[in-house]
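Undergrad: Sequence:
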Amino acid sequence: MARSWRSRTGLVFKFDPAASARSLVAELGGLDAVLAEEDKLRQVVQQLDVGDRVTIETVSLLLSSHLDKGPHRHIRQPDLRLFWRQFYAGESEVPWFEFWTGFPRGLMDSRADVTLVDELGQLLANKGAQEAFKGVVERSNPETVSVWELKGAFNGDEGLLEQVSRMLMLLDERAVVAKLLPLGARYQLPPLVANYMGRDEEGAEVLEHLLSTGSLALLAPGGMGKSCLAADVGWQIVRRGWAPGGALWVDLRGASSAAAVEARFCAALGLQQENSGNSARILAAVKALLPRPLPAAAHPAEAEEALKRKVPPPGALLVVDNAEDALLAGPQEEGAAEATGGGVLLSLLLKIRQEAPAARLLVTSRTALGLTSSNTTSTATATPSGRPITMLPVQHVGAIGLVPATQLVRAVAADLTEAEAGSVAAACHCVPLVLDLVAHALVAGRLALLIAAVQLTVFPSAFDEEAAASILGVALPQAQATLALLYRHSVLLHGGVWAGGGGHRQFTMHMVVRQQAMQVGRQLDITVQLAAEGCLIASVLGLLSELAVMYRTAKQWRLALAMARDRQADISRMLELVGGSSSGGPLEGAAGLASSASMGGRGMSAEHIAAALTDMVLNFLYELGTTQGLEAAQVRLLAQLGTGQQENGVAGGLLLYMGSWLLLCAGRGMEAEPLSRQALELRRRVLGEEHPDTASSVSSLASCIQDQGRYVEAEPLHPQALELQRQVLGEEHPDTASSINNLAGCIQEQGRYVEAEPLHRQALELRRQVLGEEHPDTASSINNLAGCIQEQGRYVEAEPLYRQALELRRRVLGEKHPDTASSINNLAICIQEQGRYVEAEPLHRQALELRRQVLGEEHPDTATSINNLASCIKAQGRYVEAEPLYQQALELLRRLLGEEHPDTASSINNLAGCIQAQGRYVEAEPLYRQALELLRRLLGEEHPDTTTSINNLARCIKAQGRYVEAEPLYRQALELRRRVLGEKHPDTASSINNLAICIQEQGRYVEAEPLHRQALELRRQVLGEEHPDTATSINNLASCIQEQGRYVEAEPLYRQALELLRRLLVEEHPDTTTSINNLARCIKAQGRYVEVEPLYRLLMM
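Per the numbering used here, residue 69 is the first one in the sequence shown, and the count goes up by one each step.
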């Protein structure tokens, strides 16, 4: 079968629809030569697939619009493409008000037909029509319209006028229909496949059971048609009015985890999935489907019978398809079976059946549900004979009979005899779709149509005509014809997300059809599926290569993200295929075999694929949040490279870089470093010193070393990478800005904040110029600048920057992204440093939960969030609650980063602080000494973290009454902080305060008082009046004054401190109770005992 669908050698990226026309223009001698000769012009117009819609008069403009690789090239409708190029050249999106100033009258400037412009002007003359047009086109930002949205709304093979007319007409029709539908009713049943037959008897049995008895499970091996049977019964229920609350379809194919199962139910019910509590919300939404009061049954006799059985008449139908993937998934952790997809599914089914019996469940599965009273919490545990009660009855589904199978074949291939049709039916094992496809192929001799169906199973979800053309290996017009035929035979469904009347057509293949088509492919030729998978890999890699470049531009980065998100399922599928992951499914067929096949079996080499996974593509995948599968892909590709390529080739350098990059993203810098060194050495040898990839490797190695806390060693590498990128790429390049940012970060980690800040500002300004105000890299620079400002104690200045970065990241990257979690964490710390602990705590919890979901439990950032939450809890005086969190964070960091890491040392210091706060000074002191020794060795004597550790050790020694030993440590910490952080820094104020207390404790009150006043004044300037540390300084000054016998002067200060602490903290906080006790002592010292008693009673409560 030597056909065009077979795998081709090399890696061919088929993404740009004008690429072939561009090549043809070059072959024919260039644009001028084409325009000069009518025959050449005709060839190019035909290649462009613009048909007879355009005249020779406009071909020059049209050709230019195709050959010019600006953003407008993504628009498929010729009139719109020319209009956009004419008015908004170089822009990927413009504000709607600007669009309406030029459209549709501006079409005249692009040689559009006058009649077309006039009729469009009439259609869109009023505000309502414009809003309707906008509503169809709009997919993201409501303020702007983009080339991506216009590509989606309008196809390239129809005129603009007819598409706009149909769009507005359909909207009018839908508005009328919407008024007739029951409020809130949702009907999601898939259409039946063509020539569905042979299930009448079984369908009647299932229908009767659902009506009179209740919910049911359909059990059968793969490919038997249980999903078709469920759809058939569902449509009968809907047509007879027995599901007034709606008929929902929950497809659990591939949903193995608890979160995935909940996500599918939420999607069907129109719910937004939350971090927790989804099961309860799903149950409430199912109950809400049921009409109130329940409607009378369509057939009174059946309703009466249902009442006798104590079964309410059906109010809604919920079909749960392909339950086996959830049921067969094992627990991810020992003893966590209830957290699996199967556990969540069974729990949901049981609750719906028990609490909302009028919501009929129809579950299809290849494996038994096991939902009986013996494994549920039902009170009805057994029958009188002692057997468990089946909580969800089962009906087994078999193959259709030979007679209806023969009838199906003859319905399509009428020229076959009864015997011939029977032979075909028997050979196809009476599988309906196999029968239908083979019969059509026999009638028309269209084996290619059958092959096309098999090839298109490679798509995991909806796909468009261009993507299908790249998989089928044909030109767009041929692909459109094939898709039309497959749609006509119900092999494909329309799956477009736009509400317009034709636009960017998308198709999808129902899971039942997919399973059966995959079985056909297995029987036909396994290489069909392999070739299709190869085409998908090539197509998606080509797409990523182009989008990664677009993402690095100010005008196209939004468009790149939007287009990538549209193909996210395909990107994930590509990574699975490259990584050797099987598509799974009940039929092992092509995809199952492909999981163990080499890349060569798909018509490409590991070298070609590695060459496409560039540094730029990796960074783009990270921003997209789609890195799962990359590790397996890297390992497999590296293993399939020849020894020579691993040691001397460009692909080897890319894969070594990828390995180190993945480890670094996972917080495993120590493991990443040797791979990074290998990649750098290989790139220097193969590419030379002055190459962008070599510069990237230098930067990557610096990051690996820095991640391990070896900042001094990392720092010289950052300027080296920066200088290389300036030489090779220029000053105004995103990579140059990234290198400046990385250098600033390394300097900041060493506590040189004043030196780091101008570099952060330089990186931010450069990113704003090169990438725009709202690019994710710009948001990162805003976040990093805020961090540098915060480290200098300028919290009020840092907070709005953190909020700006968080808002940008949420809008652009989404909630569940590592960078968004980091922004939430950073904002929480900034708020906490200002003493707003109650406001900060929920943010810390949110950041921790996000990091657990996105990064996993075993990640340094997750450990950091645990530590930060503990810090916030400790600051509120809840020491017992905080200590186990500190212990957990320390254990994680020791395991992930090792003992010799600054973060581990800081974690030891923090745990010691929590233990000290509980009065266990002897236990805390050796931990403080251990942390100090580590920080001195790793960061040096003058690092702010080392200074903090010296200060904390002094506090612990002072708390044990060893004031003489503590005082020089306090003086050392103060001197270091003044030199490194400056006079006006919160930590400097703290050091002055601590030294004052130590001197006071030794009875040197006159020497201590001016230090207390200096600390108070500094805190008022730096932190403001409304801060717990300011209140503490007021209290400490009062104490020093009281110790000198000046009680009248001390008392108002005590009252001021207490009032502040009550307002900022809580009554039970240790600092508040200490302040109450100090005020009581002051009043008592003045002999006013009656006033003292209620204060002491407060302390006893």
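Hints are supplied without guarantee of correctness; some may be wrong.
Calculated cross-link-like contacts (lysine-lysine; reagent style DSS-like; alpha-carbon spacing at most 30 Å) [what the hints assert, rightly or not]:
1) Lys884 to Lys202
2) Lys419 to Lys355
3) Lys195 to Lys884
4) Lys623 to Lys419
5) Lys623 to Lys1052
Source of the hints: derived by calculation from the structure; they are not laboratory data.
Undergrad: Output the numbers, in ascending order, of every earlier hint that fails for this structure.
TA: As far as the earlier hints go, 3, 4 and 5 are violated by this structure, in ascending order.
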